Amino acid sequence: MAAMMEKSDLEVLARSVARFADEAKGTDPLPGLAELGLIGAGLSEAQGGAEAGAQGEAAIATEIGRAGLQATPALECVLVPLLLAGTDLGTQVSAGAARVAVSGNLLDARPDHAGLPFTAFGPEGATQVLMLDGSGALRLAPLPGPARQMIDGRAIWTVPPVDAGTVIAGGAEALPLALARALSAAAADATGAMGALYEMTLAYMRERRQFGQALGSFQTIQFRMVDLSIALEEARALSGAAARALDAQDPRAAQLAHAAWVQAVTSGGLIAREAVQLHGGIGMTEESATAPLVKRLTVDEQVFGGVEAHLGRYRAA
Amino acid sequence: MAAMMEKSDLEVLARSVARFADEAKGTDPLPGLAELGLIGAGLSEAQGGAEAGAQGEAAIATEIGRAGLQATPALECVLVPLLLAGTDLGTQVSAGAARVAVSGNLLDARPDHAGLPFTAFGPEGATQVLMLDGSGALRLAPLPGPARQMIDGRAIWTVPPVDAGTVIAGGAEALPLALARALSAAAADATGAMGALYEMTLAYMRERRQFGQALGSFQTIQFRMVDLSIALEEARALSGAAARALDAQDPRAAQLAHAAWVQAVTSGGLIAREAVQLHGGIGMTEESATAPLVKRLTVDEQVFGGVEAHLGRYRAA
Amino acid sequence: MTLTITEADRAFAAEAGAWLRARLPADLAQKVRQNIRLTRDDLTGWQEVLAARNFYAIGWSREMGGPGLTPVQRYLFEREYGAIPAPHPCQFGISMAGPVIHAFGNDAQRARFLPDIRENRTFWCQGYSEPGAGSDLASLSTSARREGDHYVVNGQKIWTTWAHWADWMFALVRTAKGARPQEGISFLLIDMKTPGITVRPIKTLDGEAEFNEVFFDEVRVPVENLVGTEGAGWGYGKFLLEYERFSMSGAARSRRILGEIREDAAAMGRLDDITFLNRLTRIEIALLALEEMELALLAASEAGGKPGPEASRLKIRGTEIAQDLSRLRLDLFGRRALVHDEAFLEGEAPGEDAQAQGAMAAWLNLRKVTIWGGSNEVQRMILSKQVLGLR
Amino acid sequence: MTLTITEADRAFAAEAGAWLRARLPADLAQKVRQNIRLTRDDLTGWQEVLAARNFYAIGWSREMGGPGLTPVQRYLFEREYGAIPAPHPCQFGISMAGPVIHAFGNDAQRARFLPDIRENRTFWCQGYSEPGAGSDLASLSTSARREGDHYVVNGQKIWTTWAHWADWMFALVRTAKGARPQEGISFLLIDMKTPGITVRPIKTLDGEAEFNEVFFDEVRVPVENLVGTEGAGWGYGKFLLEYERFSMSGAARSRRILGEIREDAAAMGRLDDITFLNRLTRIEIALLALEEMELALLAASEAGGKPGPEASRLKIRGTEIAQDLSRLRLDLFGRRALVHDEAFLEGEAPGEDAQAQGAMAAWLNLRKVTIWGGSNEVQRMILSKQVLGLR
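Protein sequences, first through last, are from chains A, B, C and D. Going by the working numbering, the first residue of the first sequence is number 477, and it counts up by one from there. Going by the working numbering, the first residue of the second sequence is number 477, and it counts up by one from there. Going by the working numbering, the first residue of the third sequence is number 89, and it counts up by one from there. Going by the working numbering, the first residue of the fourth sequence is number 89, and it counts up by one from there.
Bound-form chain A, shown alone (with noise of 0.2 Å):
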């Protein structure tokens, strides 16, 4: 058995990284984060972690997706500091003193980038590279120059193809795991914004009248909210599922995170698609509350990659 948090103490994570999140709206909180060490809270105390385990790390992801921070957990808490765990930079990382980003290559697991430009993602102010090289090593590279945003004002880099900077020693075996860790932290992530998404939706029906009576009492309403309520629940029961199971050092974990993801992004395109149609016009504008964690899931599909990608992996893992 790996660290697994006790299910009384991730309720008090959770709850300490909710407040946290809700005052961190709006600002960078990688700062906070590292001040609550959360950041690499995954990692064992000897790495100098707080043992969470990947339920701990899903338990912060989910808050920080829930209040749709600017910081993407599954990479920044917990994909870095797995990778870079025992190096001084790995320490630092964890301090909130270094800021590192991740290649989307490294992502899918796969060293081809054909010699063309990729995609890098992380904190803002991050000025190395997670990648893998052309011959599969995991190498810290520099990167080539200041963020470019995404639409939800998260940061991206692209990067011409260099094979240059460090080989981490021994990264790539540490991957596979660290990338099932990762994607089950980011199915968690949605799990928090696509939960609150559909609380703020629920609310919007029993309270907006239209026709003179509230939304909630028409049965189309009702019963999109039933379906809404259902692929939340199976997003959860999965996420869930993913995390116990690596920290249970299950054999299944890797498929589990695959599939916990695919769910992740059926049933969080669903719930942000009908959040956005259920609100009506205001769900079409920045001044609804939804629209940060309609844009966070929309984006995140894309960065960990879609649904097909994943039942490829899951069949593969």
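FYI, nobody ran anything at the bench for these hints, they're computed from the structure. Everything numeric in this text was worked out from a predicted model, so none of it was measured. Among these hints, one or two may not hold up.
Pairs of lysine-lysine residues, derived as PhoX-like cross-links and limited to a Cα-Cα distance of at most 25 Å, are as follows [as the list claims (entries may be wrong)]:
| no. | chain 1 | residue 1 | chain 2 | residue 2 |
| --- | --- | --- | --- | --- |
| 1 | C | K291 | B | K501 |
| 2 | D | K265 | D | K281 |
| 3 | A | K501 | D | K291 |
Given chain A, put chains B, C and D in place with the hints provided.
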């Protein structure tokens, strides 16, 4: 321009087929079809037909599908007469004096049956089957034995892999156009069946009461019926377009036939499933007027091939 | 919420699974695998095997004379059971009549009916639906008028599964006209051999006749066959519907069928067909989610007792998944599924392509699962009102 | 039902298409192709080109000073128009204000407003929706109280596309409280330069600001700007909604975008990806069906005049298909669509991967099409009541 019936002639044809079809329910309809000149009606007068063209064939197929007769007009009234046009056997077929089945691999336009037994479809009592042999030639082979039944009562044979029988000269060349016309008729047949199912379901929603009100007054039911009506219109639109394009010798005609079939399967599948579900327990029974039509649509999808197969053939056409 | 599964639980499940696999007759397994219809003897014969080890009334407490499993053990047992191609046991006695009689009946009724149910000596059917009251049970109209120490029953039930095989029916009947339609409904146990009962089979789309209409013409039922209080039957009926819902996910069975489809596809060389594979994997992931939702609900109800209306989610998704699987199987076999051989389906003749032949009938037959047991529309009504609070 | 297309019709369409292709500025075409936001000048400049040949008010009769096309010619023109990456012309003047003024206004209003609309000298917006009345227009509350020869308008409109660019608004306002909410609504033309009007842009998900809130604070509108009869505005509004619905299939535009996606996919070497291809082909077939449904409705209305409520089907499917296409495009570009460059989208800087960059913003922006113009839910209500007769 090939044979193309005027709109008013098509309506007269449709009405007379409808009259016949209502009377022929539960009987062997082939003698009557032959008597009315509906077998091979799409052929030119020189070939012994009525110059009804693809639109006439579609009108015939629609009414047979609507009534759920024990016939497959796409095969018996269209494909076999077209492939045997100008032969003595063709004349006998049109007169109702001979019955010929069609192999599944011919419907797929795939010569290879890899030495495996294959299926054949056509009228009860057929003794010969049109098939593609291993070299791609059209061949008329003896049927090995009496027909078995499909779940909707129509005939099916399992044929051992023989390259016996007579090669039909020119048959392989006539095949692409004949198959497009057969597919167009199959789509028309399906629109007839799904149109009848839709009408029955709409009537039932108006009359059946539950929880103290007509089912049709529930908004979820209303929206589902709207979606069925749209699905029906889509199928009708493409089925009509395919038949008109065939008669106009439009180069897009074969493509449109595949498109019409894809739409027929998509709309027909939805309408059949919803007809059962919306009728509730009654819809599950043999006694319901919906039963033969639900089965017909389900069977025909497998006989003529499902969506994925025809998406590919659409692109290749 | 996670379930605590002890080593003892695992050992129990492993042993039960091994026992089931060893006992299931090969010919019966093949019938189930090939979607061949079962006879009454097929079903009761197998239930006899189960009952001999007290595995038939599997959900019953020790107090009821059952094996007294914990919810976790029960879940693990169902998982083992679903993994083998065994018939789904008739539930009307063990999961419906039995629990209601135990909960609301009197001691004499318990002593008279429960042992026979547990030991597979009586075959039960459920008299709920009526032509005018399918999903809307409150509007039922079959009447029971009191005459001395009998109720005289008149009316009609429909969709009565296996009424033609049944010894007993538990029925909801109207004993009074109440202000609300739910009032005045009573729960009656009816001996199917009583004069005045006519059973007419209803064939379903696939040609099978598991449903029936049951007509009651002045059928005299002794008053001692009333369960609980006259007029309180609606509450007992609802108790059962919630019970039923939970067990209707069919996840374990779907898991087995998924495996069978993968085997069939491998045999047909279809495992390089990405379109087919993606459909299969999507269903597999939906099934994983269903299994985890079931576990979560089990964990939540482990402390709190009976499952809440959230169980409607399991019924909805479980039945949708079962239908998706049967459709995938039909599409996999394609034209090979088109021969419809009544003799084969009745188990009277070997099928020439047995694996494929049942696929069409199975797909048509499975349309029922989103209709019965409270249609999926009714489940969505329950969820929207009781869980989401929308009205 | 089939449409009769004469040789003259075809010649007209071919000539119009060639003219349009020759006139469309390359930089404007590129902006449209890359989903770059348009400026007011982009739009009015192009409308100027169209108006010079009387192709702007394309649906207008000769009597209104328009080109007087037959329905078939109009359809063929729209097909040619949709095939080029040209901006969708602003419809509020030509398709909405103009036809209502022509049908229900007086001669003075016709003379004053129609030529300016036709010749692209005035830019119009539509004052329908309100915060409390989106799809449910009958409950609108912006008031117009009569004071001498003016109406004094107070209240708020929302979702007013291009109000920040508009010279004029046509608005539904409440001039009286009627027994039914539809009564007491009037149709008013409001000069956007009138004191008391405040326009506040609303940014949509994609960062664009095409929608606005418009606030009215004691805004004085001369009574001669009332169209038709006071209190009869609801009828005029409905006249427009039906008009709008028919033109909202967007089939020609979707056909062009489908072609662009195929080109992009070919350039990316994705045409051997069966999963992608099947999605593309499914949408293509849905689009074919939409086109044929549009033709059938056109043929049916050729004799009968204006399109009926059946046109709601075109709106529903047309918008769903447009969204499916934009989603396919987003998934095709994947991570390449993730850079969000406001300067690029504003047309102020070249994009480094211009073809891909607009895909995310376009997808988010297109969520609106199933909401506006009568949400697709409202279209389904119309169809179920008016076509299916369910109530």
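Status of the hints after comparison with the structure:
1. About 20 Å separates the Cα atoms of K291 of chain C and K501 of chain B, which keeps this hinted pair within 25 Å; it holds.
2. Of the pairs offered as hints, the one joining K265 of chain D and K281 of chain D is violated, with about 28 Å between alpha carbons and a cut-off of 25 Å exceeded.
3. At roughly 20 Å between alpha-carbon atoms, K501 of chain A and K291 of chain D fall within 25 Å of each other, so this suggested pair holds.
When the structure is compared with the earlier hints, a violation turns up for hint 2 alone.
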